[in-house]
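Q: Sequence:
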Amino acid sequence: MIGMGVGLCLVLVSGCRLDMHDQPRYKPLAPSRFFPDGRSARPLVKGTVARGHLRLDDHFYTGKVNGQLVDTFPFPITRQVLERGRERYNIFCAVCHDRTGSGRGMIVERGFPHPPSFHIERLQKAPVGHFYDVITNGFGRMYSYASRIPPRDRWAIVAYIRALQLSQNATLDDVPPKERAKLLASSAAGDGGAGADEQGSNGTRSTTDDRSRTKNHE
4 MIGMGVGLCL VLVSGCRLDM HDQPRYKPLA PSRFFPDGRS ARPLVKGTVA
54 RGHLRLDDHF YTGKVNGQLV DTFPFPITRQ VLERGRERYN IFCAVCHDRT
104 GSGRGMIVER GFPHPPSFHI ERLQKAPVGH FYDVITNGFG RMYSYASRIP
154 PRDRWAIVAY IRALQLSQNA TLDDVPPKER AKLLASSAAG DGGAGADEQG
204 SNGTRSTTDD RSRTKNHE
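If you read the sequence shown in our numbering, its first letter stands for residue 4, the second for the next number, and so on.
Among these hints, one or two may not hold up.
Said to hold, decoys possible - Simulated crosslink set (DSBU-like; lysine-lysine; CA at most 35 Å straight-line):
#: 1; residue 1: K67; residue 2: K30
#: 2; residue 1: K185; residue 2: K128
#: 3; residue 1: K181; residue 2: K128
#: 4; residue 1: K49; residue 2: K30
Unchecked claim - Simulated restraints on C-beta separations:
#: 5; residue 1: K49; residue 2: L11; range: 34 to 44 Å
#: 6; residue 1: R183; residue 2: F142; range: 46 to 56 Å
#: 7; residue 1: T51; residue 2: R82; range: 19 to 29 Å
#: 8; residue 1: I110; residue 2: L187; range: 19 to 29 Å
#: 9; residue 1: S147; residue 2: P27; range: 20 to 30 Å
#: 10; residue 1: Y146; residue 2: F37; range: 21 to 31 Å
#: 11; residue 1: L11; residue 2: F38; range: 24 to 34 Å
#: 12; residue 1: A192; residue 2: M145; range: 18 to 28 Å
#: 13; residue 1: A33; residue 2: R82; range: 55 to 65 Å
#: 14; residue 1: R183; residue 2: T51; range: 27 to 37 Å
If you're looking for bench data, these hints aren't it; they were derived computationally from the structure. Glycine included, every Cβ here is placed at the ideal spot set by N, Cα and C.
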């Protein structure tokens, strides 16, 4: 019996191959006589390893610097950026926050919990990094949109949220001097036009009434 057991073991061992162990290979950084430069470590084949995607810019990719939420944008905010932000906001955000940012979106009207309005004091004073962080990581019942919205579009949405906040809370003093003068002139013209129309209407009615009275008198 012992002999049969030993024989069986020998048969099993003989079936084990060492091809994956016994193979030509180099230890890391060992010299090589095969390659002309004598190095076993070879340069990476072009196009096999992604480059340029190391996210070192914390401001841009996280909305934070040294762990603190930022209150500045990582690139200039232009009209084009705001237009992009409005488009993305209306696609991804308006369903809950509605198009004015008051938090009465379509699904909220149908029973989903009411998100806070962007126009409350707390969110008006919140740094822009807060909104970027919420879009990236989610908050409360809101899940992360990191897989759906790329970083630059997140910042564009944040810029548009700031524009919405300003639109609901701006005063005349917030308007640039040139534009302020235009608004005042337009307002004055509108008031004058309304008055003129009213006066003209009254005058027309008065003339008509006078003619009617004259005709009746005749």
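Q: Compare the structure with each hint and give your call.
A: Each hint, compared with the structure:
Distance restraint check for K67 and K30: the Cα-Cα separation of roughly 42 Å exceeds the 35 Å cut-off, and the hinted pair is therefore not satisfied. Proximity of K185 to K128 is assessed by CA-CA distance (about 30 Å); at most 35 Å being required, the pair is judged to hold. With a C-alpha separation of about 27 Å, the suggested pair K181 and K128 falls inside the 35 Å cut-off, and the hint holds. A C-alpha spacing of about 23 Å is found between K49 and K30, which places the hinted pair at or below 35 Å, so the restraint holds.
The hinted range of 34 to 44 Å is not satisfied by K49 and L11, whose Cβ atoms lie roughly 53 Å apart. For the pair R183 and F142, the beta carbons lie near 37 Å from each other, so the given range of 46 to 56 Å is not met. A C-beta distance of roughly 41 Å is found between T51 and R82, which places it outside the suggested range of 19 to 29 Å. Taking 19 to 29 Å as the suggested C-beta distance range, the pair I110 and L187 does not conform, at roughly 41 Å.
One distance hint, 20 to 30 Å for the beta-carbon pair S147 and P27, is violated here, with the actual separation near 47 Å. Remark: the range hint 21 to 31 Å for Y146 to F37 is contradicted by a beta-carbon distance near 53 Å. The hinted range of 24 to 34 Å is not satisfied by L11 and F38, whose Cβ atoms lie roughly 47 Å apart. Taking 18 to 28 Å as the suggested C-beta distance range, the pair A192 and M145 does not conform, at roughly 45 Å.
Against the hinted window of 55 to 65 Å, the Cβ-Cβ separation of A33 and R82 comes to about 59 Å, which satisfies the hint. A hinted range of 27 to 37 Å for the beta carbons of R183 and T51 is inconsistent with their spacing of about 59 Å.
Hints 1, 5, 6, 7, 8, 9, 10, 11, 12 and 14 from the earlier list are contradicted by this structure; the remaining hints agree with it.
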